[in-house]
Amino acid sequence: MSMLKSSVGRKLTMAVTGAILVLFILGHVLGNMSIFVGPEGINAYAVHLRDLGPLLWVVRLVMLVVFVLHVWFGIQLTLENRAARPVDYQQKKNLVTTFAAKTMIVSGLVLLAFVIYHVLHFTLHVGVDNVDQLAKAYMGEHFDVYTMVVTGFGKAINVLVYVAAMILLFFHVSHGFQSFLQTLGLSNECVQPKYQAVGKFLALVVSIGFISIPVLIMVGIVKL
Amino acid sequence: MSEKTMNLTLYVWRQANAKAPGKMERYEAKGISPDMSFLEMLDVTNEQLIKQGIEPIVFDHDCREGICGMCSQVINGVPHGPEELVTVCQLHMRRFNDGDTIFIEPWRSKAFPIEKDLMVDRGAFDRIMQAYGYTSITCGGAPDANDHPIPKWQLDRAMDAAECIGCGACVAACPNASGMLFTAAKVAHLNMLPQGKPEGARRVKAMIAAHDLEGFGNCTNHYECEAACPKGVKTAFISYLNKELIKALPKGAQD
Amino acid sequence: MKLVNPANKRKYKILMVGTGLGGGAGAATLGELGYNVECFCYQDSARRAHSIAAQGGINAAKAYPNDGDSIRRLFYDTIKGGDFRAREADVWRLSQVSNNIIDQCVAQGVPFARDYAGYLVNRSFGGAQVSRTFYARGQTGQQLLIGAYQSLSRQVKAGKVKIHNRREMLDLVVVDGHAKGITCRNLITGEIESHWGDAVVLATGGYVNVFYLSTNAMGSSVTANWKAAKKGAFFANPCYTQIHPTCIPVTGDHQSKLTLMSESLRNDGRVWVPKKAGDKRPANEIPEDERDYYLETKYPSFGNLVPRDVASRNAKLQADAGKGVGASGYAVNLDFRDAIKRDGEKAIRERYGNLFQMYEKIVDEDAYKVPMRIYPAPHYCMGGLWVDYELQSNVPGLFVLGEANFSVHGANRLGASALMQGLSDGYFVIPYTIGPYLASTTPGAVTTDHDAFKESKAQVEANIEKLRNIKGNKTPFEFHRELGKIMWDNVGMARSEESLKKALTEIPKLREEFWQNLKCVGNDKEVNQQLENAGRVADFLEFAEVLAFDALNRKESCGGHFRVESQTEEGEALRDDENYAYVAAWEYKGEGKAPELHKEPLKFENIHLAQRSYK
Ligand SMILES: Cc1cc2nc3c(=O)[nH]c(=O)nc-3n(C[C@H](O)[C@H](O)[C@H](O)COP(=O)(O)OP(=O)(O)OC[C@H]3O[C@@H](n4cnc5c(N)ncnc54)[C@H](O)[C@@H]3O)c2cc1C
Ligand code: HEM
Ligand code: SF4
Ligand code: FES
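In the order they appear, the protein sequences are chains R, E and D. The first sequence finishes on residue 240 if you use our numbering, and the numbering steps up by one all the way, no holes. The second sequence finishes on residue 271 if you use our numbering, and the numbering steps up by one all the way, no holes. The third sequence finishes on residue 619 if you use our numbering, and the numbering steps up by one all the way, no holes.
No lab work stands behind these hints: they were computed from the structure. What you were told as hints is all true, and nothing was included just to trick you.
No farther apart than 30 Å at their CA atoms in a straight line, the calculated lysine-lysine pairs in the DSS-like style are these:
hint: 1; chain 1: E; residue 1: 20; chain 2: D; residue 2: 373
hint: 2; chain 1: E; residue 1: 168; chain 2: D; residue 2: 350
hint: 3; chain 1: E; residue 1: 67; chain 2: D; residue 2: 513
hint: 4; chain 1: D; residue 1: 84; chain 2: D; residue 2: 559
hint: 5; chain 1: R; residue 1: 210; chain 2: E; residue 2: 263
hint: 6; chain 1: R; residue 1: 152; chain 2: R; residue 2: 171
hint: 7; chain 1: D; residue 1: 234; chain 2: D; residue 2: 475
hint: 8; chain 1: E; residue 1: 35; chain 2: D; residue 2: 461
hint: 9; chain 1: E; residue 1: 126; chain 2: D; residue 2: 166
hint: 10; chain 1: R; residue 1: 210; chain 2: R; residue 2: 118
hint: 11; chain 1: D; residue 1: 66; chain 2: E; residue 2: 168
hint: 12; chain 1: D; residue 1: 603; chain 2: D; residue 2: 559
hint: 13; chain 1: E; residue 1: 35; chain 2: D; residue 2: 523
hint: 14; chain 1: R; residue 1: 108; chain 2: E; residue 2: 35
hint: 15; chain 1: E; residue 1: 126; chain 2: R; residue 2: 21
hint: 16; chain 1: R; residue 1: 108; chain 2: E; residue 2: 46
hint: 17; chain 1: R; residue 1: 210; chain 2: E; residue 2: 168
hint: 18; chain 1: R; residue 1: 216; chain 2: E; residue 2: 263
hint: 19; chain 1: E; residue 1: 213; chain 2: R; residue 2: 21
hint: 20; chain 1: E; residue 1: 67; chain 2: D; residue 2: 523
hint: 21; chain 1: E; residue 1: 39; chain 2: D; residue 2: 478
hint: 22; chain 1: D; residue 1: 489; chain 2: E; residue 2: 46
hint: 23; chain 1: D; residue 1: 161; chain 2: R; residue 2: 21
hint: 24; chain 1: E; residue 1: 20; chain 2: D; residue 2: 478
hint: 25; chain 1: D; residue 1: 559; chain 2: D; residue 2: 607
hint: 26; chain 1: D; residue 1: 279; chain 2: D; residue 2: 489
hint: 27; chain 1: D; residue 1: 166; chain 2: E; residue 2: 213
Distance windows between CB atoms, simulated:
hint: 28; chain 1: E; residue 1: 229; chain 2: D; residue 2: 347; range: 48 to 56 Å
hint: 29; chain 1: R; residue 1: 114; chain 2: E; residue 2: 101; range: 19 to 27 Å
hint: 30; chain 1: R; residue 1: 63; chain 2: E; residue 2: 266; range: 36 to 44 Å
hint: 31; chain 1: D; residue 1: 190; chain 2: E; residue 2: 159; range: 40 to 48 Å
hint: 32; chain 1: R; residue 1: 74; chain 2: D; residue 2: 123; range: 56 to 64 Å
hint: 33; chain 1: D; residue 1: 285; chain 2: R; residue 2: 207; range: 47 to 55 Å
hint: 34; chain 1: E; residue 1: 47; chain 2: D; residue 2: 445; range: 55 to 63 Å
hint: 35; chain 1: D; residue 1: 516; chain 2: E; residue 2: 162; range: 57 to 65 Å
hint: 36; chain 1: E; residue 1: 229; chain 2: R; residue 2: 79; range: 28 to 36 Å
hint: 37; chain 1: D; residue 1: 123; chain 2: R; residue 2: 20; range: 43 to 51 Å
hint: 38; chain 1: E; residue 1: 266; chain 2: D; residue 2: 447; range: 43 to 51 Å
hint: 39; chain 1: D; residue 1: 489; chain 2: E; residue 2: 159; range: 49 to 57 Å
hint: 40; chain 1: R; residue 1: 114; chain 2: D; residue 2: 285; range: 51 to 59 Å
Please read these numbers as outputs of a predicted model, since none were measured by experiment. No residue lacks a Cβ here, since even glycine has one placed at the ideal position from N, Cα and C.
In isolation and in its complexed conformation, chain R is listed as follows:
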């Protein structure tokens, strides 16, 4: 039996990749918090990352593979699941499942779109004003991430997209967290409700963490 053909095998892949993504966003949100220290904080953090050199590329590659696998199987499994009930109920009442669980593919696909947009915006600097100026603005040789972020979130549309995506991230992770523990065989009926609570809490903390940045910029607490 091939791991990547079986339903549980692919679920395991989803879970492992999902867990890596959760670790990633945890790291990401912690890193982003450095913006509150001021320009030096986040810019130093960015320099630090860039100094990793080839290692950064390894990480990026791994994340890409993880992401592609996660997305690919997510879409595939969802399509199969739809096909498994060709004629739908006239009346169906769900008793325990959550909004988050029912909309994993929606939140996932929106996150996919968001990630592309996000990478284009903050990593490849598409649509960033004065890129040339910013390029050497930090300590005369580094990219000024701080200014880019603060000006970026000066635009309402960017804030809106970002906040919306992070709300969906909340839903995705609130189901995803307990889901990967269950999928990895680490659950039972005693801990399952606890996982669900922890998952929700974690998702909340992460998304509030992310959201706090554009919001604080918008209200002017974080500024240039």
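Dock chains E and D with the ligands against chain R, hints included.
Frame of chain R, contents of chains E and D with the ligands only:
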């Protein structure tokens, strides 16, 4: 015991055979006693339909005491109806009120084609069992029953899984029409016992592969199956199944 | 005993009708031996045979509790429990293999209850003074059946067994006096199919649905057995039926089946009715001195724990005297008030919690506060097709297993011994006893090309046409209900010459009406549950007469068969060993003709015949 009777409006899925299209039909059920079971209500309705020259509603049933797993109806959107931990045949009409409208549909899943009206073909479950839902003991060769002591907690755990009656409500309830709770219950029942352990790795792989072949959906941990299961089989067994698969993966060479 | 060469086994094909404990175990084991087996059941899966409903447990003489049990004691208890109307040799063999059954089931993964150290535990059951019953929660039947079904599934994968589910056997095909196949209806497509085999095994369960209401499944019928009987197989002791005392009473005409509650309730509950006939006050308002604890007064030493038949009969006597309780008047109280006062509600909850819960689900009353109402219900049939020690009927090549045969329970079955018999027949008897017959035949000598198959098919089709074309006014349900009433009133717990003769005039009348006034709607070439029921009721209507005939012939009381003319001064069943120590095997002689009686005398060489007494 009450003397009052009820009149109900039923919307029932009617479908002539696997290939024909189906639709909901409206019927009146008159003079229903609250002491009747849901299936007895349908019996009475059917007798009324016959007298009106309408073909009676076909539905699966046999033991009528909640153990054979034949009865299979989604009632007002919930497999086996609104009461917890019972099958349709154990559901009583006192759960309903005079004047209620009740929707009755079959299990819906690609893996369970409809045979007629509310009757479906659950042969997929048999085939999952045939894949490896057994221990390879040939009659005559068994050691004494007490040779392998099984601690009570372990036995009880296996028994919790073994309670499954193969009704298929888990599939009907699952938003993905997945058969994972059933598959997990069978794998857990056997893999948790010393008698089933030696073949555990082969079993879990074979049964999952058979499950997938039937066109069931994949489990995405909605836990609707557990809520619908008349025997209280827990989704914790699905987690156990996943763990068994993880343990079995390095042993790939065995197959 | 002749053996079939292992290399030749694969040349033989065996048809197994029924996938319960008898059929499921038998088919799996025959497959393991190398035979080709084809299996049939009317449910959508082999796992759903009615064996699944057994709650209580299965007996074996393991003697794990060290309480003096032995194969001999199990043998003795079974013979005595059967009121000395079973063959000694068959019962001895059953007792011998009882232990192997437990070993086999445990190896399959049957989760029998165990103690903290991991060893198997036993409970006591009626009719025995030792603790020999193995159980798996309240689901012993389901767990044993799933065990057999697992083994069966393994053989399906191995290609040795083929399962035809949703098939109903509607005829036995006999060629030159040998059983060579069956004709059955595909319940999904309506197709009439012919199947050939070098031998045919029936394991089609019991027939107590002849009473309409019973603890059996809705689809349980006498059809397979009756069709075989019409092809020459003798029907043995049809009048031995068992009425179980602790069932949930009927609530109205709509009732479709009766639910059994474990007999163990009688360990703590006290049975009573009001002293005054027609007293309709709620039970708790009836003062102590106006209650009649009739079992305790009548049987001071056994009290509420008298055997099934005695308890059942006495409940009926009370109801007939107008003292029954509940809306219908067909119920007696089973009161836990005193037990709760004595041991506390907690203790009672621990002992019977699940039963009280089940009762509340069905009746909507809290039995901790008001007495339960119980009433007897038909539960099991000891009678069945006649078989010899090899489980072969008088038609060569036709074998019968489980509840469908008559072999080991005599006139009354003890609790937890039907499961034992089904598995014994399936795992340990038929695999060996079918060999000698097969060895004497040429494999595949007769196939469905033979004219007998075509004739049988034509006859089955004609019968279906006939049922569908009556176009009368009464549904199969209505006829079944009427037949049930005749049987329950006249051929039920207490039978007299008068009541039996009455039944024997009423049954043919009803049968005649059936064939003139049946309304059987729907098509025959698709799922048609009306047609299925009509066919089953038609067979019950013929078989019921033989049952009544047998009851009339047996002018003694024994076990589940109680003739009011034959009782002791205290109202106990009185056997007549001089005249009736025989198996009554009835041969079908054609429609409207009296069946012919063949007697097989019973000899007791190891056990002394004695009067049962439970005073
Ligand atoms: C509620 C209840 C509780 C019980 N509790 C106990 C207990 O605790 N202990 C105990 O020892 N016994 C108990 N019994 C008795 C015992 O369960 C049965 O006697 C026994 O299981 C019968 O097994 P079987 O294999 O003979 O038949 P069944 O299990 O009834 O199987 C019959 C099979 O034949 C098939 N069949 C029937 N007719 C046809 C046909 N015409 N065509 C094709 N297939 C057909 C069916 O599909 C089924 O597969 C109980 C019985 C009941 C009803
Ligand atoms: C920040 C990015 C993401 C994170 C942190 C994340 C996290 C997770 C986690 C932890 C799971 C549970 C794994 C399991 O148990 O199977 C999961 C499941 C899933 N994810 Fe993502 N994911 C992300 C992005 C995406 C994207 C872009 C998609 C787009 C298709 C997606 C689609 C899905 C789907 C369909 C599931 C399966 C639903 C389920 O198992 O309940 N995810 N995700
Ligand atoms: S797990 Fe529960 S719902 Fe699913 S088949 Fe078994 S008993 Fe039915
Ligand atoms: S009819 Fe058997 S479980 Fe409902």
